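Undergrad: Please work from the sequences and hints to get the whole structure.
Chains as they are written, first to last, in this note's numbering: chain D, 142 to 535; chain Z, 142 to 535; chain S, -17 to 359; chain E, -17 to 359.
Bear in mind the hints are in silico, worked out from the structure with no lab data behind them. Incorrect hints may have been included.
Claimed, not checked - Over the 10 Å line for every Cβ pair with chain Z, so calculated as not near, a few chain S residues:
1. Lys13
2. Gly206
3. Val219
Claimed, not checked - So the derived label-pair ranges between C-beta atoms look like this:
4. S/Ala12 x Z/Pro272: 57 to 67 Å
5. Z/Gln349 x S/Glu327: 42 to 52 Å
6. Z/Pro202 x S/Gly5: 44 to 54 Å
7. S/Asp23 x D/Thr224: 31 to 41 Å
8. Z/Asn209 x S/Asp23: 52 to 62 Å
9. D/Lys181 x S/Asp23: 39 to 49 Å
10. S/Ala12 x Z/Asp446: 31 to 41 Å
Predicted, not measured: the structure shown is a model, and the values here were computed from it. For every residue, glycine included, the Cβ atom is placed at its ideal position computed from N, Cα and C.
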Amino acid sequence: MDLNYSPGEVAFRDEVRTWIRESLPEDIRDKVLNYRELTKEDLLGWHRRLATKGWVAPFWPVEWGGTNWTVVQRYIFEEECETAGCPPIVAFGVRMCAPVLLRFGTPEQKQRFLPRIYDGDDFWVQGYSEPGAGSDLASLKTRAVRDGDHYVVTGQKIWTTLGHYGDWIFCLVRTDATREKRQEGISFLLIDMKSPGITVRPIVLMDQGHEVNEVFFDDVRVPAANLVHEEGKGWTVAKYLLGYERMGTGRIALSKRELVRVKTLAARTRVNGGTLLDDPRFRDRITRVEVELMALEITNLRFLDQLRRGDRPPGAEVSMLKIRGTEIQQAITEMMMQTAGPFAHPYRAVDATAAFDTFTASLTGRYMNLRKATIYAGSNEIQRNIIAKATLGL
Amino acid sequence: MDLNYSPGEVAFRDEVRTWIRESLPEDIRDKVLNYRELTKEDLLGWHRRLATKGWVAPFWPVEWGGTNWTVVQRYIFEEECETAGCPPIVAFGVRMCAPVLLRFGTPEQKQRFLPRIYDGDDFWVQGYSEPGAGSDLASLKTRAVRDGDHYVVTGQKIWTTLGHYGDWIFCLVRTDATREKRQEGISFLLIDMKSPGITVRPIVLMDQGHEVNEVFFDDVRVPAANLVHEEGKGWTVAKYLLGYERMGTGRIALSKRELVRVKTLAARTRVNGGTLLDDPRFRDRITRVEVELMALEITNLRFLDQLRRGDRPPGAEVSMLKIRGTEIQQAITEMMMQTAGPFAHPYRAVDATAAFDTFTASLTGRYMNLRKATIYAGSNEIQRNIIAKATLGL
Amino acid sequence: MDFEYSEEQRLLSETIRRFLATGYNFDARAKIVASPAGHSDDVWAALAEMGVLSVPFGSEHGGFGGTTIDMMVVMEALGEALVVEPYLATVGLGGQFIARAGTKAQQDAILPGLIQGKTKMAFAHTERGARYDLAHVTTRARAAGDGFTLDGEKCVVLHGGAADLLVVSARTDGGDTDARGITLFLVPRNARGLTVTQARGVDAHRVAEVRLSGVTVGRDAVIGAEGQGLPVIEGVVDYATVLVCAEAVGAIKYAHDATLDYLKTRRQFGVPIGTFQALQHRMVDILISYEQARSIATLACVKIDSGDDVERRRIVSAAKIKIADAARHVSQEAVQLHGGMGMTEELKISHTFRRLTMIAQMFGDADHHLARFAASK
Amino acid sequence: MDFEYSEEQRLLSETIRRFLATGYNFDARAKIVASPAGHSDDVWAALAEMGVLSVPFGSEHGGFGGTTIDMMVVMEALGEALVVEPYLATVGLGGQFIARAGTKAQQDAILPGLIQGKTKMAFAHTERGARYDLAHVTTRARAAGDGFTLDGEKCVVLHGGAADLLVVSARTDGGDTDARGITLFLVPRNARGLTVTQARGVDAHRVAEVRLSGVTVGRDAVIGAEGQGLPVIEGVVDYATVLVCAEAVGAIKYAHDATLDYLKTRRQFGVPIGTFQALQHRMVDILISYEQARSIATLACVKIDSGDDVERRRIVSAAKIKIADAARHVSQEAVQLHGGMGMTEELKISHTFRRLTMIAQMFGDADHHLARFAASK
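TA: Below, the structure is given as structure tokens:
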């Protein structure tokens, strides 16, 4: 047991840190650190820089661009990216569609899609949830009817994150509605979002931000060559993907950065003749989150270590990281809002002349926005069901 | 809406307070306030004093000894008793068996049992739970077979509080095992504990105290005249009784007294140059419990007020009082233990010469003992099920 | 002791609720929020018409002479409907200064118009860096000629943009956080040197920054005794705190009802999600929070009228602690149990979440009141 | 970075567990607890035999030279079996003073015997009113002849009754709570003027009151530098704190396993109670607490060997906070989910509850370590 970085790992960390310092544009970093919206170009621009460097998909096989890093190196890389305020690498292509293609795709599909995912040529999004389905994924209704060498897709997806940026969408669709088990008769399709018949409609969330969408499919023709794995085997693909989807949701490095931010804000906030950071009431809440996060980082590393040894895709362990990681994220955004005191109230300037503090206002927005963290990617209730069944055998 | 006591209510409070001051023996009060065990004689002695005064069963009908007090007067009376450190009026006779007899008993049964309950001639206990049944009361197995004008009872009860003091026990027994619905075929019997074939065996709890027991019935002959309500209708009786059982479990006045005690202990405990009561960490925990208790007192009074207006037996509302009331009791005992710091550890003197602080040691015992509060009288999980069904309609 | 609403209180409640059910449904509210003013003059007129603006004021000015429990009836209804009009700012804050500390002339000049819906008010007090310290006032009032000149900046003034009249706290004496030396002034919205910029609050209520730059007022603009403003402010803010506690009870009730309804109607895995025991138990905890919130708010409403300042501070802080905790618990759970839909603009539950979040922060968060409660005896 | 136990650590773990599985089952433990001594010399001999007493000590004295992670392996196993022998007192406290601050002569005289199971030790430090303040020492040591005379009273001395040798803190200089002036002394249990009275702890571990009345010791009884005892005490107590954190991980693991087993086997309403979703979700939270407790204890065990005092204090407090919270959460939930049975002497879960409760309080409760953590940087 040795939790210290080896000299090689330290050197690697320094290399990553230096490269990020030299490569991350100032304006992008500022947007990230101040919770401002990132455009499609912001996201893809950073993606392409990483791709050029060869670091955009560390865990892919080397022949497709993977880096062959150890678990620890990957952890160091993510930590450095989050700490420095890099934009996220949008997960839907690199972390979700690609592992599926690598596992289930035909050689042609790999050849066609993986390099474009790697290079950031396409913005991928996810078409999983449907209205009324929510966490009950298998109840999906979007139909895909085979018509010659095409599928004709009709239906609706919901909660499609960044769907308005999407070039391509991977979807679960029902190709056979006659099967008794709802998990059967589902297929996994890749769909070009420029196809006629696709409409994207924004869903405005309570922070008034636009990040999720409804996506409507009206007789959309999709080449049968875009079917991944066999027809009717979509549930196998979906299950494989779920672990990967949840993999990043713990966001421990991000929480570490934000925890520093809370402390900075609290240290600047005067209360009762001292600062909020000196107030035991506030301070203890920070401490408990900090301690929980220290533990979760080790839990995460322990699990990664086990995965590495077992050489298997992530299972129920990631549910635990998702649960506790999102609880921590929410606790941090809540404390951030609390630092604002009465200034948590103003949210959007009405008068153009207002001396409006957009940063402070963004804190309340973040608090509201992060309520999604325990809902999306399988609600924390679903994660508890998964652990109860898969880990505890209940 | 008026939450103040009327002049008449204030006068009543003063009358009760004065009488208690004059009537409660010092040694009994000390035992209560210092969490020492009360003997059967301690309990019945106080019961008899109240009976002589005419105050032992305020909510009974006047013809049987009830006081015809208003809801508020009853509340005042209980508050004064708890505050002063009176022993509890053991509930099984006055609060449990008696309401059942009043509702379902024959005139002969009333005449035979109620005056003795009132006068404290018999110590009553409850035979409900069985091994393996727990909160699933209806799965009870103790059999009562009719044999002439007797029932012959065989089986086992568990968790019988103060069973070792018991003169009489009321029991749910199965008189018909052929019924498909488990709630049917159950009957309600009154059993003299001096009957041959009854064995009481102590269960030692983790605070090492003896308060609950197993009671074994081995071909115990019970006169059929001791059947309450019809044979096979025991479940109706049991349900009626459940509300009454939970009625007292909120114990708000007791918690108010104990909260004062926590504050006193905390104010005497030095820490970091001040007292524990000045430490925001500890103080805020006290405050939150205090505020919760202030609210629960009003909730209790609101519910009592509704009951009075509706003139019906207590229903799902008391489940809420039980849940929150027991949570508060547990929080208080936990804080009390925490005031002891390292001295929470020693529990029983080994060497007779030890300068052993029995009061401080009793704090940890109380913390352990009170874990029962969320388990007994229908676990808090069962209470939540009841509310979900009865109040929320889920 | 008596826990029933009086016949009058029931009538008041029904009147308001009947109006809000039709005149203030979710769509109507959305239009009002999106309007340039951010509130509706028609609704305001209707509230005046129903006598809702008159509740706490004396009959000598056309008021109803109501108790704080009467106000609880009103606030609960407004909270359930998420009314964004400046009721609290006008009736619970601005008007209170006049009613409690104003001269007869001030009362006669202002209260009848306020009650009739002609005059809206606001309380301009909070300053940058003050957080919840009511004694933190750096805005200065200097004696000038026959009156005063005011200079300073006030922040997060509830409905400051809608107000015709502002009650402004300013220092006539003492240092920035001294208890003594704070004086209250009545300043018309259109006074020269006064600029107001508005923001929309998280909860769609408007808040304003008010800058005072050489604003001159006469001696008759002083409310109460010069330099003795703080106790008045504390009394009014405590009163307003209890009112938002009552408002929170209404909002929590809505969150409870909507979530329960959602659990009964929303189906997953072939059954209503309300059949899942884990969610049932959490719904029960929401119910308990609601009942406890109602109890503590009731207690505070009754006790605040008792006239005992020490007891008032204690009970108001107790109420605010419990309400802040309950608001947080219920709002977070309600959104969680609604799932993604609870996150959207489209459902009232997300708006209820926002209002409850702000009420928890308003007039001191739980931490502030925990400290005040601990100091109270 | 590497998270695996070494081959040696696995072997150590297996050896201890194999012994405890047979030699320290629930009935065997009950007999030991009820015995006059409250611990078993046979078990102690077996622990010595297996080398368990030697783990942290240097090979020059016959020790294993192990890291704190090696000790974690031991403590976890002892925690799972609820071992009541004075292992922590001897190996984690008393012996540590000798190993860290003792002279070569002291080490040579004591450690081999300790490792062989011949010498038990204890640390007599806590005094009435000290709570968790390590600098609070009123026991006095006055220079007398060629040595010192000790007078004072020590409380809640872990296994003070079983010890052959006591490490006693006493003041040679300074006021009652001064950081400087505390000196450590080695005092034989049978020294004249030393009286020990024993109590059984809530968790069946023995604790003692130690009274020193004119106890004389020689100069060679001083451990470390005169008046410089506090940093040594802090180091050893932090070490012992980490050890009980590791012990708690074992106890929490037992509570987790036993509760899970109970949920699977206990039937109510015709089904195993583990099919109830509300209980499933709570069982998941127990699992998460367990994994998080294991992580923080692991981190603390690794970091405490790093030699950085500031970092050590921070991590030890972090670990104790999380362990105290997890111990409380898991012990309370485990009893609750076991229902009435969980309350009884008859089930090991109630004994686990008691030990976890005491560990949460030991060497500073969560509040104490929250304050220390906040002060740590």
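Undergrad: State for each hint whether it applies.
TA: Now the hints, each set against the structure:
1. No Cβ of chain Z approaches the Cβ of S/Lys13 within 10 Å, the least distance being about 34 Å, so the stated non-interface status holds.
2. At the 10 Å boundary, the C-beta of S/Gly206 stays outside the reach of chain Z, the nearest C-beta of that chain being 29 Å off.
3. With a least beta-carbon separation of about 19 Å from chain Z, S/Val219 lies farther than 10 Å from that chain, consistent with its non-interface assignment.
4. Roughly 60 Å separates the CB atoms of S/Ala12 and Z/Pro272, a value that falls within the hinted 57 to 67 Å.
5. Distance hint for Z/Gln349 and S/Glu327: a CB-CB separation of about 59 Å, inconsistent with the stated range 42 to 52 Å.
6. The supplied range of 44 to 54 Å is met by Z/Pro202 and S/Gly5, whose beta-carbon atoms lie about 51 Å from each other.
7. Our hint of 31 to 41 Å for S/Asp23 and D/Thr224 is violated, since their Cβ atoms are close to 52 Å apart.
8. A beta carbon spacing of about 57 Å between Z/Asn209 and S/Asp23 agrees with the range 52 to 62 Å that was offered as a hint.
9. The hinted window of 39 to 49 Å between D/Lys181 and S/Asp23 holds, with their beta carbons roughly 43 Å apart.
10. At about 39 Å, the beta-carbon gap between S/Ala12 and Z/Asp446 stays in the expected band of 31 to 41 Å.
Violation of the numbered hints given earlier is confined to hints 5 and 7; the remaining hints are satisfied by the structure.
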